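Protein sequence lines, in the order shown, are assigned to chains A and B. Residues 1 to 668 in this note's numbering are what the first sequence lists, from first letter to last. Residues 669 to 809 in this note's numbering are what the second sequence lists, from first letter to last.
Just so you know, the hints here were simulated from the structure itself, not pulled from any lab data. The model shown is predicted, which means the values in this text are computed figures rather than measured ones. Don't take each hint at face value.
Said to hold, decoys possible - Pairwise CB distance ranges (calculated):
(1) B/N744 to A/R572: 37 to 45 angstroms
(2) A/S73 to B/P704: 25 to 33 angstroms
(3) B/A702 to A/D157: 50 to 58 angstroms
(4) B/R679 to A/T428: 23 to 31 angstroms
(5) A/T207 to B/L684: 45 to 53 angstroms
(6) A/S612 to B/P704: 23 to 31 angstroms
(7) B/S687 to A/R273: 22 to 30 angstroms
Unchecked claim - For lysine-lysine, the following DSBU-like pairs were computed, each having C-alpha atoms within a straight-line distance of at most 30 angstroms:
(8) A/K548 to A/K532
(9) B/K767 to A/K557
(10) B/K767 to A/K548
(11) A/K31 to B/K767
(12) A/K532 to A/K557
Backbone N, C-alpha and C define an ideal beta-carbon position, used for all residues, glycine too.
In case you want the letters, here they are:
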Amino acid sequence: MLGRGLLGLAIAFALYAAVAAICAQRYDHAKRTWEVVRPELLTSARRAMGAVCLCVAGASAILWYALFSRDFSYSYVALSTARGTVPWYTFSSFWSGMQGSLLLWALILSVYGAVFSLRRNAAREPFVPWAMVVLAGAELFYLALAFGPINPFARLDIIPSDGRGLNPLLHSPGMLIHPPMLYTGLIGMTVPFALVVSALINRRTGTEWIRVTRVWALVPFIALGIGLVLGGAWAYTELGWGGYWGWDPVENAAFMPWLVITAYLHSGMVQERRGNLRIWNVFLVTLAACLATFGAFLTRSGLLSSVHTFAESPIGKWFFVFLAIQAIGGIGLLVWRLPDLRGESELGSAVSKEAMFLINNLVFVGAAAIVLIGTILPLITEVISGQQLQLGPPFFNRVLSPIGAALLLLATIGTVVPWRRGTVRRITQRLLTPALVALAVALVVYAVMHRTTIAGVAYVAGLLGATTIVEIVRAARARSRLAGLSMPAAGSGLFARNPRRYGGYVVHLGVAIMVIGFAGSIGRVQTEISAKPGDTFTFADTTFHYEKLEQYSVPDKDINLALLGLYHGTHRFGTLRPQLNFHRNWDQPQSEIAIRMTPRADLYVILAGVDSQTSASIFRIHRNPLVFWVWLGAVIAFIGGLFALLGGRRRRAQPTPTEPSQELEAVA
Amino acid sequence: MQTANTKKPQRLRWSLGISLVVAGIGALAFWAVASPGALAYYRSPSQIAQQRPDPMQNIRVGGRVRDLERGAGYANFTLTDGTNNVAVRYRGEVPDTLKDGTDGIAEGHVTGGTMQATQVQAKCSSKFMTKKDAKSHIGSS
Chain A
1 MLGRGLLGLA IAFALYAAVA AICAQRYDHA KRTWEVVRPE LLTSARRAMG
51 AVCLCVAGAS AILWYALFSR DFSYSYVALS TARGTVPWYT FSSFWSGMQG
101 SLLLWALILS VYGAVFSLRR NAAREPFVPW AMVVLAGAEL FYLALAFGPI
151 NPFARLDIIP SDGRGLNPLL HSPGMLIHPP MLYTGLIGMT VPFALVVSAL
201 INRRTGTEWI RVTRVWALVP FIALGIGLVL GGAWAYTELG WGGYWGWDPV
251 ENAAFMPWLV ITAYLHSGMV QERRGNLRIW NVFLVTLAAC LATFGAFLTR
301 SGLLSSVHTF AESPIGKWFF VFLAIQAIGG IGLLVWRLPD LRGESELGSA
351 VSKEAMFLIN NLVFVGAAAI VLIGTILPLI TEVISGQQLQ LGPPFFNRVL
401 SPIGAALLLL ATIGTVVPWR RGTVRRITQR LLTPALVALA VALVVYAVMH
451 RTTIAGVAYV AGLLGATTIV EIVRAARARS RLAGLSMPAA GSGLFARNPR
501 RYGGYVVHLG VAIMVIGFAG SIGRVQTEIS AKPGDTFTFA DTTFHYEKLE
551 QYSVPDKDIN LALLGLYHGT HRFGTLRPQL NFHRNWDQPQ SEIAIRMTPR
601 ADLYVILAGV DSQTSASIFR IHRNPLVFWV WLGAVIAFIG GLFALLGGRR
651 RRAQPTPTEP SQELEAVA
Chain B
669 MQTANTKKPQ RLRWSLGISL VVAGIGALAF WAVASPGALA YYRSPSQIAQ
719 QRPDPMQNIR VGGRVRDLER GAGYANFTLT DGTNNVAVRY RGEVPDTLKD
769 GTDGIAEGHV TGGTMQATQV QAKCSSKFMT KKDAKSHIGS S
């Protein structure tokens, strides 16, 4: 009862926050914008946003407590945990079902709302009151669902003696952090959206809006990026098909808003620098937010299997209404304020940073559009003709490989071309060294992989990676010469002085490395082998010695563990321990995949079957080249993103100085 | 400062450039749709039973997996939607998560009611369970 009561209280606070934030303002007809006239009322609205967060956190704590204390009178607890569930999976079982996920969304949004409203700057920024109204409104939607039709605190009439436990596929460390990260990214798009709505209402879509929005767009960009990578890691280590990305609709749903917000992070810079693309930026943020809602909705609504199951799902129709309000409201507001957004200055030369950013925006949004069409095509065709027409992974791979290559090239040129106007000659000069480095990278990759396609991709990715590094080194050298600093000091000085630019470069470097890893998927090989303990077999230049099969039981499962010694000739270089476990509560076998990762290739072994009498075992073995570089690149990109986010915060209070690195570049 | 004279051709050039990029992306998408194996008609086993699909069409069929028989380099199984079945023959390794009682998707050409699959996928619907599934599990434990 207490849990639901807290949700009710949160609803009351959110309602109050929205109403108070509106009443604290007055429309100033002379200035044609809204002014805060009752600051004390605004302060209380801001505090109410904090109170919403406390209430939702309290409700969440109650659900967690019920999960940990195995209170099976809650149907949600009975469905997602069992007495034998280990603590960390009990923790993550919070979001293993629809009701808990919804509460998690409400919790994440309330944290965003509280942080946004209670920041020190929130009292001053003109966008805050209306943005709070939007955030409170969105929060009300989730809270109303959790309070009413999708209640995580529903009780069972007959209390079971034990719960069913968590789905064994979710028994993965990735599941502890992947869903919250993904939701932090998807839900986080609500904040830039709220800022867009507020900026439009206030007729303030200028540079100040861009500056405030940047941080709030970077947070979901980073969180969603981490969520996507962790989802890939989870699929790779748990699902056992040997890959990390399958163009599954759920993956696509999270990928689309990421593409659009990435586009925005670039085009926002154009507006900040040159004042162009104001309509486009407003549109991009609205689009990203709508796609994020659509993504959250797609994962939970049942829309994926068919439009018909969607109608039956309890959550689907509500989300549809929410999405419709968001899309129609956002676009309607944009059209209404169009006269205020017009009057942009002309875009200049085609050989300029802004031109590269504009093209990259078209490509990013084009990619998102293609992924969207590919994802919802079955639904469209089902509505039109009654039969579903689906697009498979070959479609997505074919479209997005050249698009990815184009984006890498644009990022390369965008790095070396100046704002306003550059010359082709200067660009070629600056790309000369990177081109040679990229050639070396491509040759190394070719020597290891013996594949021209992979080497070709490595060249394009290497070009971006090398350009990034060369530019950082060049700027650091110029700085060290000019200021008489040592190279490391000059380098770290660069990052401290301009974290946005150099953080962005590091993200580019990480992405370039990831792309080399993606290309490795071309060289995948796999096999299936049946062997008995004592047998030896060879696959992909590796000799596997099946040493023994261990069979034992733990409280919730029976375990089969195969020990495989790995040899090159007679040299033993490792051991792999794939498992095949039988979870009693789930009545199904579950493999624990064994992976030996090296920079060159992963050996990926699945114990697919064990004959209980003869101990004959079936192994499925994949050799996946270069996967290591995907994870390494992701870590580098993450560090870069963090730099761009946190490094920029310290300097925000100061007036924007002329960028020191620009001056230095002129000297270099 | 730009004069009205230079503005017009510049705007035209930009519009032309933007249209080219957009058209390029569109053309790419169409080329990819036409590539083999990209497009498939989704059918349920019952729809296949009612109306035999053209053997030339790329069909994707989904259902519950039954009678899964794995061998070295091949797998045979039945996909069922409760009322009708489709037999699936596949050369290659089916994913580990494909088991009797799970949901599976096969893609290929259907001749004489049997699918020669070119691709087999396990549907990881267990990632996010539906309420109904969850209830039936409680009942059995």
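Hints and how they fare:
Between B/N744 and A/R572, the C-beta spacing of about 38 angstroms keeps the proposed range 37 to 45 angstroms intact. A hinted range of 25 to 33 angstroms for the beta carbons of A/S73 and B/P704 is inconsistent with their spacing of about 55 angstroms. In this structure, B/A702 and A/D157 meet the distance hint of 50 to 58 angstroms, their C-beta atoms being roughly 56 angstroms apart. Take B/R679 and A/T428: their Cβ atoms lie about 28 angstroms apart, and the range 23 to 31 angstroms holds.
Judged by the Cβ atoms, the range 45 to 53 angstroms given for A/T207 and B/L684 is violated: they are separated by roughly 30 angstroms. For A/S612 and B/P704, the hinted distance range of 23 to 31 angstroms is not satisfied, since their beta carbons lie about 42 angstroms from each other. In this structure the hint that B/S687 and A/R273 lie 22 to 30 angstroms apart at CB holds, the actual value being about 25 angstroms. Restraint check for A/K548 and A/K532: the C-alpha separation of about 8 angstroms stays at or below 30 angstroms, so the hint holds.
Taking the CA atoms of B/K767 and A/K557, the gap is near 18 angstroms; set against the 30 angstroms cutoff, the hint holds. Pair hint B/K767 plus A/K548 holds up; C-alpha atoms about 25 angstroms apart against a cutoff of 30 angstroms. With a CA separation close to 67 angstroms, the supplied pair A/K31 and B/K767 exceeds the 30 angstroms bound. Taken as a hint, the A/K532 and A/K557 pair is honoured in the structure, with Cα atoms around 23 angstroms apart against an allowance of 30 angstroms.
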